[in-house]
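Residue numbers (numbering that gives the first Met the number 0), protein chains in the order written: chain A, 0 to 854; chain B, 0 to 103.
These are computed hints drawn from the structure, not numbers from a lab. Fair warning: there could be bad hints in the mix.
[Unchecked claim] With a cut-off of at most 27 angstroms between alpha-carbon atoms, the simulated DSSO-like pairs for lysine-lysine come out as follows:
#1 A:LYS55 - B:LYS5
#2 A:LYS804 - A:LYS274
#3 B:LYS79 - A:LYS55
#4 B:LYS57 - B:LYS31
#5 A:LYS87 - A:LYS636
#6 B:LYS89 - A:LYS42
#7 A:LYS576 - A:LYS636
#8 A:LYS431 - A:LYS804
#9 A:LYS636 - A:LYS526
#10 A:LYS55 - B:LYS36
#11 A:LYS526 - A:LYS576
#12 B:LYS5 - A:LYS42
#13 A:LYS77 - B:LYS31
#14 B:LYS49 - A:LYS77
#15 A:LYS55 - A:LYS42
#16 B:LYS62 - A:LYS55
#17 B:LYS94 - A:LYS77
#18 A:LYS87 - B:LYS49
#19 A:LYS55 - B:LYS32
#20 B:LYS5 - B:LYS70
#21 A:LYS226 - A:LYS205
#22 A:LYS77 - B:LYS5
#23 B:LYS36 - A:LYS42
[Said to hold, decoys possible] So the derived label-pair ranges between C-beta atoms look like this:
#24 B:LEU91 - A:VAL387: 31 to 37 angstroms
#25 B:GLY35 - A:LEU203: 54 to 60 angstroms
#26 B:HIS102 - A:LEU445: 53 to 59 angstroms
A virtual CB, placed ideally from N, CA and C, is assigned to each residue, including glycine.
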Amino acid sequence: MRKNPPPRFCRCIYRLFIPESDWNYFFNGIDEVYQGLRQSRGKWIANMWYWTQLGKSMPLLVSNAIGGYLDMFSNYFKTGLRNIRRHKGYSTINIIGLAVGLAVCILIFLGVHQELSYDRFHVNADRIFRMIEFEYLTSGEVLAYSQQGPELAAVLKSDFPEIEESTRFYTMSNRLVRFGNRLSYENDFAFADPQFLTMFTFPLKKGDPLTVLADPSSMVISERMAKKYFDKQDPIGKILHVDNQMDFIITGILENIPANSHMQFDFLVQFESIKNFGEQVTGWNDFYLDTYVLLNENVDYRELNPKIKDIVSKYSKGSDFYEKLQPLTSIRLFSNAILTPQVDGDITHVVIFSLIAIFILLIACINFMNLTTARSGQRAREISIRKVVGARRQELVRQFFGESILMAFISLIFAVGLVYLLLPAFNQLSGKEMTFEILRHIHVILGLLGITLTAGLIAGIYPALFLSAFQPAALLKSGRDSGQRGGGFRRALVIFQFVTTTVLIIGTVGVYQQMNFLRKQNLGYDKDQVMCLRLPRELAPKVDLIKTTLERNPMILSTAAASTVPGRRGALLTLDKWEGRDTQDRIEMGLVNVDPDFLSTFKLEMAEGRFFLKEFPTDKKEAVVVNEAAVRAMGMKDPLGKRLGSRSRIIGVVKDFNIRTLHHKVAPLMLTMNDLEMRHLFIKIVETNVPRTISSVEASWRSLAPEYPFEFQFLDESLEELYQADRHLGNIINTFAGLALFVACLGLYGLASFVVERRTKEIGIRKVLGASIPSIFHLLARDFIKWIVIANGISIPLAAYAMIKYLNSYAYHTSVGLVLFLIPAVMTLFAALLTVSWQALRAAAANPVKSLRYE
Amino acid sequence: MRLLTKQEELFLLAVFGIGQDAYLVSIREHLKKQTGKDWAFGSIYITLEKLRRRGLIKARVGKPSARKGGKAIKYYELSKEGIQALRENKRLHDKMWKEFVKHA
Chain A
0 MRKNPPPRFC
10 RCIYRLFIPE
20 SDWNYFFNGI
30 DEVYQGLRQS
40 RGKWIANMWY
50 WTQLGKSMPL
60 LVSNAIGGYL
70 DMFSNYFKTG
80 LRNIRRHKGY
90 STINIIGLAV
100 GLAVCILIFL
110 GVHQELSYDR
120 FHVNADRIFR
130 MIEFEYLTSG
140 EVLAYSQQGP
150 ELAAVLKSDF
160 PEIEESTRFY
170 TMSNRLVRFG
180 NRLSYENDFA
190 FADPQFLTMF
200 TFPLKKGDPL
210 TVLADPSSMV
220 ISERMAKKYF
230 DKQDPIGKIL
240 HVDNQMDFII
250 TGILENIPAN
260 SHMQFDFLVQ
270 FESIKNFGEQ
280 VTGWNDFYLD
290 TYVLLNENVD
300 YRELNPKIKD
310 IVSKYSKGSD
320 FYEKLQPLTS
330 IRLFSNAILT
340 PQVDGDITHV
350 VIFSLIAIFI
360 LLIACINFMN
370 LTTARSGQRA
380 REISIRKVVG
390 ARRQELVRQF
400 FGESILMAFI
410 SLIFAVGLVY
420 LLLPAFNQLS
430 GKEMTFEILR
440 HIHVILGLLG
450 ITLTAGLIAG
460 IYPALFLSAF
470 QPAALLKSGR
480 DSGQRGGGFR
490 RALVIFQFVT
500 TTVLIIGTVG
510 VYQQMNFLRK
520 QNLGYDKDQV
530 MCLRLPRELA
540 PKVDLIKTTL
550 ERNPMILSTA
560 AASTVPGRRG
570 ALLTLDKWEG
580 RDTQDRIEMG
590 LVNVDPDFLS
600 TFKLEMAEGR
610 FFLKEFPTDK
620 KEAVVVNEAA
630 VRAMGMKDPL
640 GKRLGSRSRI
650 IGVVKDFNIR
660 TLHHKVAPLM
670 LTMNDLEMRH
680 LFIKIVETNV
690 PRTISSVEAS
700 WRSLAPEYPF
710 EFQFLDESLE
720 ELYQADRHLG
730 NIINTFAGLA
740 LFVACLGLYG
750 LASFVVERRT
760 KEIGIRKVLG
770 ASIPSIFHLL
780 ARDFIKWIVI
790 ANGISIPLAA
800 YAMIKYLNSY
810 AYHTSVGLVL
820 FLIPAVMTLF
830 AALLTVSWQA
840 LRAAAANPVK
850 SLRYE
Chain B
0 MRLLTKQEEL
10 FLLAVFGIGQ
20 DAYLVSIREH
30 LKKQTGKDWA
40 FGSIYITLEK
50 LRRRGLIKAR
60 VGKPSARKGG
70 KAIKYYELSK
80 EGIQALRENK
90 RLHDKMWKEF
100 VKHA
């Protein structure tokens, strides 16, 4: 019975309404039938049945929960239900609209919940802090980094009694991992001190967190890596070879790192072994790693900050770097002003999406308001009778709220189903890993119920106050209310809906235009037809041999080697020594190791001087090429031949090219030939018959390095990946804008059909008197079009402001042009016209005899 | 005397009719067989609990038995008051129907 649980979410809802003491009895009963159904009819039918059972029980469950008001409420719900049933068309529009609105809310709720839950799963989350290193520039600016030197962690622990524990942490990419004949490059290879696993709560499936990292050659791997390398074997005690030079014994298996952790790693080894990977484990100036500390209970980090500030200069004389603490739980969303290697979330996104959710729900609520008040004429009689029989206004108000809340809860059920079905597709679009898991938490469910209740209340508030104010005597005498009243308010609401929708659509178009703009930007180098291969470190010394062998292949135009792939963050160096320096500031400079063919392979252009040449062996030792941005940053007049650092001379200036993404401006860059390992090989191939070329390159590679994997990526594809986050953002906004337009049009459709219904007779008479179909269509559609045009007029300045702010976050951005606003305006107008036309044309084309007989 | 709604009446009669084995599932089946209507579990549960709160039926928890997958079951049975209420309603019912038959 345990194996086939019924839908979990349903259970949670039942639990809200049934006393805890009876849960077992109730679920035993319903499960008995559910399991029977599941065996005989399959999972789907059984689940459907389970859901419909819940739906059917809902009115009673809810009214029972309300308890003392039972009779009264069941009456309201009964009339509410009757109203829903009687006006199926309106109810469908309302429910679909609200369901879509709520579904969007749930999706965003799930996303926001995930963002806010980052790193909170650690037991000590409130006591863990990341060290931030910062410096003051002469301009008064503060530059903050998340990296420190290797000795800081130990010093912090010994010098400050407030600090209970500290650890270093660093992840490397591109490590070649081998077990038996299984080998591949791994990107999340982490180094940390042994106490790391006791400070943070990364649960181990196997092994004791106190001892797994005790030995310098011990290694902990994640569950998915255990599966990848060892399949069903037990990995404990097995040996993994890393980069063909270090052997690690597996001592523990980690549960996969949760998606909501800012640290992501698949392999974890003791920090000291980083020596073997070319990094320092002592010293203060080589800052590359993250330092985390665990404070004692009841220590306020704000009081510790001033004490900790000068710690670096105490040990490293003359240093003007300072330290402060950043709470672990704020790393994900509040690291914008800190230079970090990993991708951080952004609190503004969280805020923007929450706002979008609220607005879409509002659009749906407005549908309900508009349709209910527009139909007031039809309900005037019911309301009047209720009043005459003695209903007080209060009771009428309650009745209308009852209806809207009932409607909202019915929609909630549909919304949850919708989200359930669409979540995988949405994850695909947004690149997120959201699950329904969190719906197990009672506070999340309460939150959802709260949102639904609020939506119901908002949707009900206007009809409740508006309709309950009717004067029964007048109404009963005239027989009907024209439905004219409240027209002004309705108009304002429709305009509001379309303002929101248009702003969202303009946002979508803007993001897409920017994406296209970036794609077409000239990076300053040629990225086409370039294959990127990783170069194992043992092969790095033999790179010249490899290149000459490969170049014999006629399909290969040229080859080059470098330490980083264009687009990715490479090494950075802080330069404080150059000829003619007249400022106190240091310069952050990118550092890339290249070979002489780099220039021709990427078709770079020189501004001055020359590039490295094979014929000059001294280039290897003392030559450096900088870009124009570096010359500007250093304030050099005549850069050729000037000294840089202690032993290098500038031999040439290359024209600016964007080695990072277009989010960034071209930064100062220095090219050398000997400082860093060559880890990447670039092969420029001919354009014709790419698959054959690839296989011939593979054949050459196999003959050269049979024991290394042939893994490659085309440079343009690898660059494309860097804009993934933007594309995802575009996709999400696109989806939501589409849904907003859909919901708003749904409301318009309902309103249009109401207007047409109300004016049936008028249209009949007009036709009899000779009005043409176009003139009647014009008569009916005119108002709606006017509203949309007004809405567009309001939304354009709003959206323009937002777009300018968004575009300014890019170093290179498209201009805010007319097209940006024209497309959305035409789109909303067209959608609205289409919606209204159906109703208007039907009315205009109808036989006047029928419409005059109407009623 | 306490007036019963049609639904309450049906439920009380179902509990009585099933006897020893009256619990959620069997009551639901019984009602379906007799009335042809498919009641939702939640509704059945709520109605039974309401009747129990009014003292018309009693609940007892059965011993876990192998037949029900080793799970405890909450059984319902009519209380004295329940039987009394049914009787009174039947009497009233019959009396009023007789008038209808006589004059209609």
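These are the hints, each one checked on the structure:
{"no.": "1", "hint": "A:LYS55 - B:LYS5", "in the structure": "holds, 19 angstroms"}
{"no.": "2", "hint": "A:LYS804 - A:LYS274", "in the structure": "violated, 45 angstroms"}
{"no.": "3", "hint": "B:LYS79 - A:LYS55", "in the structure": "violated, 32 angstroms"}
{"no.": "4", "hint": "B:LYS57 - B:LYS31", "in the structure": "holds, 22 angstroms"}
{"no.": "5", "hint": "A:LYS87 - A:LYS636", "in the structure": "violated, 79 angstroms"}
{"no.": "6", "hint": "B:LYS89 - A:LYS42", "in the structure": "violated, 44 angstroms"}
{"no.": "7", "hint": "A:LYS576 - A:LYS636", "in the structure": "holds, 16 angstroms"}
{"no.": "8", "hint": "A:LYS431 - A:LYS804", "in the structure": "holds, 25 angstroms"}
{"no.": "9", "hint": "A:LYS636 - A:LYS526", "in the structure": "violated, 31 angstroms"}
{"no.": "10", "hint": "A:LYS55 - B:LYS36", "in the structure": "holds, 12 angstroms"}
{"no.": "11", "hint": "A:LYS526 - A:LYS576", "in the structure": "violated, 33 angstroms"}
{"no.": "12", "hint": "B:LYS5 - A:LYS42", "in the structure": "violated, 35 angstroms"}
{"no.": "13", "hint": "A:LYS77 - B:LYS31", "in the structure": "holds, 23 angstroms"}
{"no.": "14", "hint": "B:LYS49 - A:LYS77", "in the structure": "holds, 19 angstroms"}
{"no.": "15", "hint": "A:LYS55 - A:LYS42", "in the structure": "holds, 20 angstroms"}
{"no.": "16", "hint": "B:LYS62 - A:LYS55", "in the structure": "violated, 31 angstroms"}
{"no.": "17", "hint": "B:LYS94 - A:LYS77", "in the structure": "violated, 31 angstroms"}
{"no.": "18", "hint": "A:LYS87 - B:LYS49", "in the structure": "violated, 32 angstroms"}
{"no.": "19", "hint": "A:LYS55 - B:LYS32", "in the structure": "holds, 19 angstroms"}
{"no.": "20", "hint": "B:LYS5 - B:LYS70", "in the structure": "violated, 32 angstroms"}
{"no.": "21", "hint": "A:LYS226 - A:LYS205", "in the structure": "holds, 14 angstroms"}
{"no.": "22", "hint": "A:LYS77 - B:LYS5", "in the structure": "holds, 17 angstroms"}
{"no.": "23", "hint": "B:LYS36 - A:LYS42", "in the structure": "holds, 24 angstroms"}
{"no.": "24", "hint": "B:LEU91 - A:VAL387: 31 to 37 angstroms", "in the structure": "holds, 33 angstroms"}
{"no.": "25", "hint": "B:GLY35 - A:LEU203: 54 to 60 angstroms", "in the structure": "holds, 58 angstroms"}
{"no.": "26", "hint": "B:HIS102 - A:LEU445: 53 to 59 angstroms", "in the structure": "holds, 57 angstroms"}
In summary, the structure is inconsistent with hints 2, 3, 5, 6, 9, 11, 12, 16, 17, 18, 20 from the numbered list given earlier, while agreeing with the others.
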